[in-house]
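Colleague: Heads up: the protein sequence lines correspond to chains A and B, in order.
Sequence positions in the first sequence follow my numbering and run 1 to 259.
Sequence positions in the second sequence follow my numbering and run 260 to 700.
Keep in mind that the hints were calculated from the coordinates and are not lab data.
Treat the hints loosely; a few may be bogus.
[Stated by the list, open to error] Output of the computed footprint for chain B on chain A, the stretches with three or more beta carbons under 8 Å from beta carbons of chain B: (1) 95-102; (2) 115-123; (3) 157-167.
Note that beta-carbon positions come from the ideal geometry of N, C-alpha and C, so glycine has one too.
Okay, here's what each chain looks like letter by letter:
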Amino acid sequence: MKFGKRLKQQIQETLPGWRDQFLSYKELKKLVRSISSAPTLLNGSFEYGRAEEEFVYLLNNEIEKFNAFFMEQEEDFVIRNKELQQRIQRVIGKWGPNGNHPSEADYKEEMAKIRKDIVDFHGEMVLLVNYSNVNYTGLAKILKKYDKRTGGLLRLPFIQKVLQQPFFTTDLISKLVKQCESTIDAVFPVEDEERTREAREAIIVAGEGIFRNTVAALQSMQEIRRGSSTYGHFSLPPLNLPDSELIQSVQLNSPIPTV
Amino acid sequence: MEARPALSFQRPGAKQLSSMGMSGALSTSLPVLPTPLEETYPKLPDSQQVSMERELVTRPLNHASHLSSNSSVVGHMFSSSSGFSTDLHYSSISPHEKHSRHSPFISQSSTNAASLPITHSSGSLQSTASHYAKENSASWQTDSLSSFLDFPVNTPIENSQVEISSCNAALASEEFTKWADQLITDDDALASNWNELLGDTSVTDLEPKMVFPVSKSSPNFQAHQSQVPLQLPATSGEIRAVANPTSLANSAPAKPRMRWTPELHESFVEAVNLLGGSERSSEKKLTPIEEMSLDLKTGIEITEALRMQMEVQKRLHEQLEIQRNLQLRIEEQGRCLQKMFEKQCKSGVDKLKTSATTLENPSTPSLDTVQESPAKSELDASQVDHGKTGTDPVNANTALEESSQELGGKHKVSEANDPENSEPDACESSSQPSKRPRTDE
């Protein structure tokens, strides 16, 4: 139940276009409940086989959905990454100190825009990784529930299959994220005057958007792993966030419309 | 005809329209409006396309001449209208749909030419109307006449209002009209036909009902459109009053469809950009920057906000990687354990077979447990075992967690992969020691 709520919250906080791409956890749970509430039809019976079939069918559909969405986003990110790189090169080449028409004002202006875009881009990619993870967690949980309620052995082999799925293989995206980070560090180095301002205000209000979603995702992850009632062999240990004050200092208020 | 209820409405109006001296007779030049209307009307379903095309060829000239008087804001539209004959996009536009489309326009444009008692009609109004008409005929595919009537041709009437509704007046309106211009470019023939059909002398007739049919691919366009109708009712009640016949037609159900051409799109995008950027970012990617007052943020503040955002994002990514690695390892370990159980089960069965008589076999209790595990969920079995051995698996887990946290937090993904590769071995080796105490029991 806790995961279900957390998942719902995350879906609410996520980018609008992503809302219906997440796992239909609630529906699957209902199905599991309905299957297990017919205890007479168990192990070996035809009915049970049918119920399992249906469950597996739904799961496969969900996986398909994840894969499709994930790969589409991945492709989009690859393209945008390229574009950003090119944009940076163009600006440097044109208005940079060694460029064709060195112009500090233009350079600064363009770089500011690029900086914002690249940070957002980084954020979106991370959110996609989060998407992958949340859905995987949901699948693992629902499979565990299924096995528990029906005494089946669906979980282990099925989860092995899930691990191979494109939506879970986030290596490329992670690589892009790292690349993005290094680009940012290279193009926008931390200046000394900024360092002195690192001790910033405690509370920052986050509205809508990628930042908000990111913070929500982190908090959610922390909550989900706080302590499982059914802690077992396959449970994740509690989340230990270094600098958790950082996250806690960001309050998520309801979106304030910026007029 | 049932298929064209709107048309039937227009019939009485058609005469009026024709009397307006609207340009764009169905198949002839302007002055001949009344008669061709009657003739061409029945012909419409069959030969509309043909007549349309002819219209298009002839109408530009007619329109241009008529509309030239109505320059005002929309002056530039005329220049663009010259190109409209080339923009014919008649594909499968059903005749009556086209008809309906155009008639309001035509009537409006015709009003330009004639002395229509349009209260609002500025020159721009009429010119835009005609332009709309032109574009409509070419690029739209309407489902029914009524939809045509729905088109807020009246927008031209409220020219300024329309533009203002979109955004800033001058610049925006220019772009908007340019865009609208393109839209109307191909609509000539239909417009003229419609004019004749309606025969309405007042633009007002057609005014409130016209709604641009919007193709599926242009939701923004629809947004624009929807703004227009809002403006329309606001204007002249007089106009609306006259538009009764069209209102009836308006209530017809079918929704018109507009074919969104690339040229159309380009102009539209231009207009939108002038009006203040695309709104299609429904995902408003507001960052901490936006959270602060947009007026007062300084460079440093922006930078700081971005840095904070990066921090959080990096943190999330880090944790996600850790979590993913953990999950992989957990499953891996689970698989190993499963294999262990199965192997032990097999060996246990063999042992039982070989030593069937020795029931005091010390390994039996655990073997029974192990044997049951394939039947039940492996989780139950492992939990039973865990109960016996206590902390072993938990220690294994925490050990895993610590190591993976270190790895995930500090090393790159590639490095983290190496421990994973050696994981199966580790799994095997770690399972062995933990297994022994169990079997020894």
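Colleague: Checking C-beta pairs, does the segment 157-167 of chain A have three or more residues closer than 8 Å to chain B?
Modeller: Satisfied; 3 residues make the cut.
Colleague: Do three or more residues from the segment 95-102 of chain A put their C-beta atoms closer than 8 Å to C-beta atoms of chain B?
Modeller: It is violated: at least three residues are needed, and the segment 95-102 of chain A offers just 0 whose Cβ sits closer than 8 Å to chain B.
Colleague: Are there at least three residues in the segment 115-123 of chain A whose beta carbon sits under 8 Å from a beta carbon of chain B?
Modeller: This one holds; 6 residues, not fewer than the three required, reach chain B with a Cβ under 8 Å.
Violated hints amount to a single one, hint 1; each of the other numbered hints is respected by the structure.
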